[in-house]
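A.B. asks: One letter stands for each residue in the lines below.
Number of protein chains: 4
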Amino acid sequence: MAHVSRKTNSSNRLTSFRLGGRQASKLVEEEEQRPDLGFGTRFNDTKVRLLNKDGSFNVRHVNASFLAELNLFHRLIVMPWPKFFGMVILAFVLTNFIFAGVYSLLGYEHLMGIRGKSAWDLFWEAYFFSVQTLTTVGYGRISPVGFWASAFAALESLTGLLTFALATGLLYARFSRPTPRIRFSETAVFAPYLDVNAFMFRIVNERSNQLIDVEIDVTMSRLEPAADGSLARKYFNLTLERRKVAFFPTNWTLVHPITAESPLVGCTPEKLEESDTEFLIILHAVDDTFSQQVHLRYSYRYDEIRWGHKFVPMFNQAKRGMVVLDVEKLSETREAPLNL
Amino acid sequence: MAHVSRKTNSSNRLTSFRLGGRQASKLVEEEEQRPDLGFGTRFNDTKVRLLNKDGSFNVRHVNASFLAELNLFHRLIVMPWPKFFGMVILAFVLTNFIFAGVYSLLGYEHLMGIRGKSAWDLFWEAYFFSVQTLTTVGYGRISPVGFWASAFAALESLTGLLTFALATGLLYARFSRPTPRIRFSETAVFAPYLDVNAFMFRIVNERSNQLIDVEIDVTMSRLEPAADGSLARKYFNLTLERRKVAFFPTNWTLVHPITAESPLVGCTPEKLEESDTEFLIILHAVDDTFSQQVHLRYSYRYDEIRWGHKFVPMFNQAKRGMVVLDVEKLSETREAPLNL
Amino acid sequence: MAHVSRKTNSSNRLTSFRLGGRQASKLVEEEEQRPDLGFGTRFNDTKVRLLNKDGSFNVRHVNASFLAELNLFHRLIVMPWPKFFGMVILAFVLTNFIFAGVYSLLGYEHLMGIRGKSAWDLFWEAYFFSVQTLTTVGYGRISPVGFWASAFAALESLTGLLTFALATGLLYARFSRPTPRIRFSETAVFAPYLDVNAFMFRIVNERSNQLIDVEIDVTMSRLEPAADGSLARKYFNLTLERRKVAFFPTNWTLVHPITAESPLVGCTPEKLEESDTEFLIILHAVDDTFSQQVHLRYSYRYDEIRWGHKFVPMFNQAKRGMVVLDVEKLSETREAPLNL
Amino acid sequence: MAHVSRKTNSSNRLTSFRLGGRQASKLVEEEEQRPDLGFGTRFNDTKVRLLNKDGSFNVRHVNASFLAELNLFHRLIVMPWPKFFGMVILAFVLTNFIFAGVYSLLGYEHLMGIRGKSAWDLFWEAYFFSVQTLTTVGYGRISPVGFWASAFAALESLTGLLTFALATGLLYARFSRPTPRIRFSETAVFAPYLDVNAFMFRIVNERSNQLIDVEIDVTMSRLEPAADGSLARKYFNLTLERRKVAFFPTNWTLVHPITAESPLVGCTPEKLEESDTEFLIILHAVDDTFSQQVHLRYSYRYDEIRWGHKFVPMFNQAKRGMVVLDVEKLSETREAPLNL
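In order, the protein sequence lines correspond to chains A, B, C and D. Residues 366 to 705, numbered by the numbering used here, are exactly what the first sequence covers, in order. Residues 366 to 705, numbered by the numbering used here, are exactly what the second sequence covers, in order. Residues 366 to 705, numbered by the numbering used here, are exactly what the third sequence covers, in order. Residues 366 to 705, numbered by the numbering used here, are exactly what the fourth sequence covers, in order.
None of these hints come from the bench; they were simulated from the model. Take the hints with a grain of salt, since some may be wrong.
Derived pair list, reagent style BS3-like, types lysine-lysine, alpha-carbon separation capped at 30 Å [stated by the list, open to error]:
id, chain 1, residue 1, chain 2, residue 2
1, B, Lys418, B, Lys694
2, A, Lys675, A, Lys694
3, D, Lys599, C, Lys675
4, C, Lys599, C, Lys636
5, D, Lys675, D, Lys418
6, D, Lys412, A, Lys391
7, A, Lys694, B, Lys636
8, D, Lys418, D, Lys448
9, A, Lys599, A, Lys636
10, D, Lys412, C, Lys675
11, D, Lys675, C, Lys694
12, B, Lys675, C, Lys412
13, D, Lys675, A, Lys599
14, B, Lys694, C, Lys599
15, D, Lys418, C, Lys636
16, A, Lys675, B, Lys675
17, B, Lys675, B, Lys636
If we take Cβ atoms under 8 Å as the criterion, some of the chain C residues that face chain D in the derived model are [unchecked claim]:
id, residue
18, Arg425
19, Tyr504
20, Val561
21, Ser573
22, Ile577
23, Ser656
Here the structure is a predicted model, which is why all the values come from computation and not from measurement. Glycine included, C-beta positions come from ideal geometry on N, C-alpha and C.
The shape of chain A in the complex, shown without the other chains (with noise of 0.2 Å):
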């Protein structure tokens, strides 16, 4: 079996020269076939969840350097939509009263057309200007005279275009960005399939964005007792009845067949949870709109199995000779007897 990959290029040419293959000590050898996801050594021995429902990993980093932690683009990009836009708001709001300060400080005699009986009129009339200045609009009914007041209102507009230039970057950023919207079903099934039982889970493309070129890989983890008695997580790749397809427009029912070489053989719900049993779902696919590479990472824990079930069609009668698929289906099970 061939192991390759576009990344591979330069070590491959070097790995042919690698001397004979046989290794000196039994241990390194063993160690080397281990599996492992990159989950680091302290997922080895407890009872928690690995992956999140939404991918991310129960992990937090402390000490790493302020400006590694703030990582301000990667935030910006990522946080929901109304987070987004209430700080562009809040950014922009409090940009003003800083700028209508100073106008302030330097004195409403420098911001020719001002009117107002109050200081609080005063400020208001020298905060719109600033507004007018920073996206650009000058009206031209107050304008600056004198050298500073001209000045900060050029600074200001400067600010405000580079500002705005980065906002038009995080826009395009934050809706270019690649998140395919694939749903899982909520819960996985031991289900019987043909003459054997398989562990199932099934997805759909939430979006009208086509997905090419899916690929599926499911891993198991579960907690094993070592030799001295401790427990120790072990990986173990599931076979999938097919882990590709180069088209997505329906759903997929994802199958892992329980044969005599399936790490799932004798297994029970009650072994499932015992050693804390997680399978781990990574999906690669290409966006078509932007002939993107899209990743995903899913979960499913023990509790989120259900044992003798199987999905239910989630097809509806054709339409206008279109195949109408129901999404809201996707969840749906009813029981079937498994096999023996």
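Keeping the supplied structure of chain A fixed, place chains B, C and D upon it in accordance with the hints.
C.D. replies: Positioned in the frame of chain A, the structure of chains B, C and D alone reads:
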């Protein structure tokens, strides 16, 4: 033969630790080897076009969540240019009506410099003041006075800036989206080829963008009678005489020779129709301008095939040392008796 | 040897179910094994340069659809900078003439604040009002009054915003487009190499951008007499002593050793010319700055080769611990008698 | 084992038609098998750091063409933020000085509304008029009259728009550029590992961006005496106990076990120094936020290695069900006697 892809990095490592490989269940093994492009089971027994000429599928999703169905960015990206500009102008006109309405409710006395005798005149003055604010032109003949008129003008100019930032991103996304214009011959043909016959179609790149590393896969789909007499859709990969080219400066005739191994051996026009045969084409390439991956889907159905025809050459006389390719001749064929 | 790529995901799965593999037809089998880079049949029997120095092909498409031929975005992206700025300024000047014409037709009385004695003066006032509207500067010394003047000013400012949005995208696309500047030596050489001779050329990265994972393929193309005495173009891959490097910080001499297996064995300058030999080079790499894939094509024809010459070193004395590479020496060669 | 990559599409097809494979020349064959990362021959016999800590190379190009050396976009993208903003502000101030100079040469009488007693005052009025034009604020207190003043103001506003369009693109490019912040442990270690010893270093992702499909290659470079007594630099790929992970949420210790096959067998600190040993690290990954490929280079030289030390754990007590990783402990080691 190794089947590998960049996306299988993680899984590959794991799959190498899979157990023996002999499956306990004969049925499971058979199912695993059944080719499937990813069309749902619904398509398996009906006479329906799988793939439309524009690469879309005959599937409609219902009951998806509102936001997923809306999918605003995707729609704004893929809609035709006239519709896009229509929507931009509509949104522009409506937004200004809304703000003009607000200003007129606040009272025209808060718009300094406004001139007009009738309510109609005043409303249009307010409307164009709104335009000048939204676009940040801000001539200043009319300008807001008082807190609320100024505040709404501020809101409007911010709205204008953000909307415009969005429009910048949308225009860029629309323009930079990789949309190859490869024209397929209107019909495929069954033509004589060397000492056998072949299924052929022809493509040409309509654009001046160069495409490189072009790869094509052709899958035949047809209904076949199952053991119980019902019809079931099966998929067959068609071996091409050449499926990759490094460059694509001229035309390219794709050829599947009908040798003894071809699933098309012994085929007739009647059998094609009877079995609802469809030829599904998947094209992958790299657009040289931005080194972007591009993808294309196309299909020929049984009624889009000419028997005993072959394509005529597309080259004219060379002019000024240049080979001249007549794109209009792409679909031109002439009769050619098939080999027996 | 495995032939695999990311793009063959779907097909690979299917091809594994292909029948036996022995082809019924000997002729088909031979045709399948003929190397072909994707140049059309037209090039097969004529003496013509296949690939120009700039990577373009000697093919002209006629009768393509108008929009495909126009291909506006692509043109605006690839045209030289002076031409691009010329077109921007031209479009700017013309648009303002059009709008100035409209305003003068509507009557100068609708432009409040306009000043001028002659029609000439008034027209230019209208022209610069148009400029101030299109750019959204909007000083306001001149401002529109009345519905139609205001409406056209509104249209103009919207036009300005959208055009500018477009310009933003175009400028970004032009700048961010991956265009490696790899300089090839002006001539290739046939030089002595170890105990044999070799075909060599030399490249250097002119830019400060780092290129990584650089891969090069060299194909020789030449006319060979067929059985019936006619000439036919054939393609040969030239094995390189090294075809991939992980880094490319200095220069790189590409070497094809002319061993017994090389198609260049027994070659002479006369034979190269007679058979219209051309060496086609395809380079793939990753630009480190944006991790973008880049592609490059180049070619050496028989008259761009020096026999019995070898490249001189490009390194100067190291300065301040740095290795110094003299880019100007790239094409410098000196005589070196070939091995017999 | 198959070595394949997406980029070898075209070549693979061709290479399969290569002749036999046995090389005529023993010397050529040996040369083909010599590992080489792409450093030029210049590095082959000198004691010099190959790779700097920031991933740059110790090479300086001279005599490259002016434009290639300028490489403006690349520079503006990679320069630090303070320098970038400094240059923006400098360009802004200078451009306004130039235009203010032009306006003052044309005569202040062409700037209507200008106020000031001294030449100094008038110049600053012109200067801020220039600012208001370049930023398209255009208050209009001062506005150009006459052809030339208006024309230069038109030019200035167009300049402003285009420069700002450029700035938008630059800001976006800077922000969206994939720049992973993976921190490497300050030193590598030679530590006991199972029943042998190992070369180890440790990395952590400082950012909240998730990295997936992380792959690492380690190459050792050292000077070795050649047959004629001179020193020649050789490269060795170091086999890692694990070189790919699907996820990278915590820290990762890279381990090269020094078994009988390792080129590090029998190594001592003195030998490392003597042979100018350097460990070159290449990392490839995918940034999950935008599914971007990211690349990273790093190196440890012989004097950045601790012998008989091992890394201390980086995990603190879990808080609220979360694993807590202390980034500051990345480089912390403690003594551990090596296995014999």
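A.B. asks: Are the hints correct? Go through all of them and say.
C.D. replies: Structure-based check of each hint:
Between the alpha carbons of Lys418 (chain B) and Lys694 (chain B) the distance comes to roughly 20 Å, so the proposed pair stays at or under 30 Å and holds. Between the alpha carbons of Lys675 (chain A) and Lys694 (chain A) the distance comes to roughly 12 Å, so the proposed pair stays at or under 30 Å and holds. Distance restraint check for Lys599 (chain D) and Lys675 (chain C): the Cα-Cα separation of roughly 25 Å lies within the 30 Å cut-off, and the hinted pair is therefore satisfied. For the hint pairing Lys599 (chain C) with Lys636 (chain C), the CA-to-CA distance comes to about 15 Å; that is within 30 Å, so the pair holds.
A distance of roughly 22 Å separates the Cα atoms of Lys675 (chain D) and Lys418 (chain D); the hinted pair therefore holds under the 30 Å criterion. A distance of roughly 37 Å separates the Cα atoms of Lys412 (chain D) and Lys391 (chain A); the hinted pair therefore is violated under the 30 Å criterion. For a cut-off of 30 Å, the pair hint linking Lys694 (chain A) to Lys636 (chain B) is broken: about 38 Å separates their Cα positions. Between Lys418 (chain D) and Lys448 (chain D) the CA atoms are separated by roughly 21 Å; this keeps the pair inside 30 Å, and the hint holds.
Restraint check: the Cα-Cα separation between Lys599 (chain A) and Lys636 (chain A) comes to about 15 Å, which is no more than 30 Å; the hinted pair holds. A distance of roughly 28 Å separates the Cα atoms of Lys412 (chain D) and Lys675 (chain C); the hinted pair therefore holds under the 30 Å criterion. Pair hint Lys675 (chain D) plus Lys694 (chain C) does not hold up; C-alpha atoms about 49 Å apart against a cutoff of 30 Å. For the given pair, Lys675 (chain B) sits about 28 Å from Lys412 (chain C) by alpha-carbon distance, which is consistent with the 30 Å threshold.
Between Lys675 (chain D) and Lys599 (chain A), the direct Cα distance comes to roughly 25 Å. Compliance with the 30 Å bound is thereby established for this hinted pair. Restraint check: the Cα-Cα separation between Lys694 (chain B) and Lys599 (chain C) comes to about 27 Å, which is no more than 30 Å; the hinted pair holds. Proposed proximity of Lys418 (chain D) and Lys636 (chain C) is contradicted: the alpha carbons are some 51 Å apart, above 30 Å. Proposed proximity of Lys675 (chain A) and Lys675 (chain B) is contradicted: the alpha carbons are some 51 Å apart, above 30 Å.
Using a Cα cut-off of 30 Å, the hinted pair Lys675 (chain B) and Lys636 (chain B) holds, with the two alpha carbons roughly 21 Å apart. With its C-beta approaching chain D no nearer than about 24 Å, Arg425 (chain C) sits outside the 8 Å limit, and its interface hint is violated. Among the interface hints, the one on Tyr504 (chain C) holds; its C-beta lies about 4 Å from the nearest C-beta in chain D, closer than the 8 Å criterion. Checking Val561 (chain C) against chain D: minimum C-beta separation of about 5 Å stays under 8 Å; hint holds.
Nearest Cβ of chain D to the Cβ of Ser573 (chain C): about 5 Å, under the 8 Å cut. The hint holds. The interface hint given for Ile577 (chain C) is met, as the beta carbon of that residue sits about 6 Å from the closest beta carbon of chain D, less than 8 Å. For Ser656 (chain C), the interface hint holds, since its Cβ comes within 8 Å of a Cβ in chain D; the closest pair sits about 4 Å apart.
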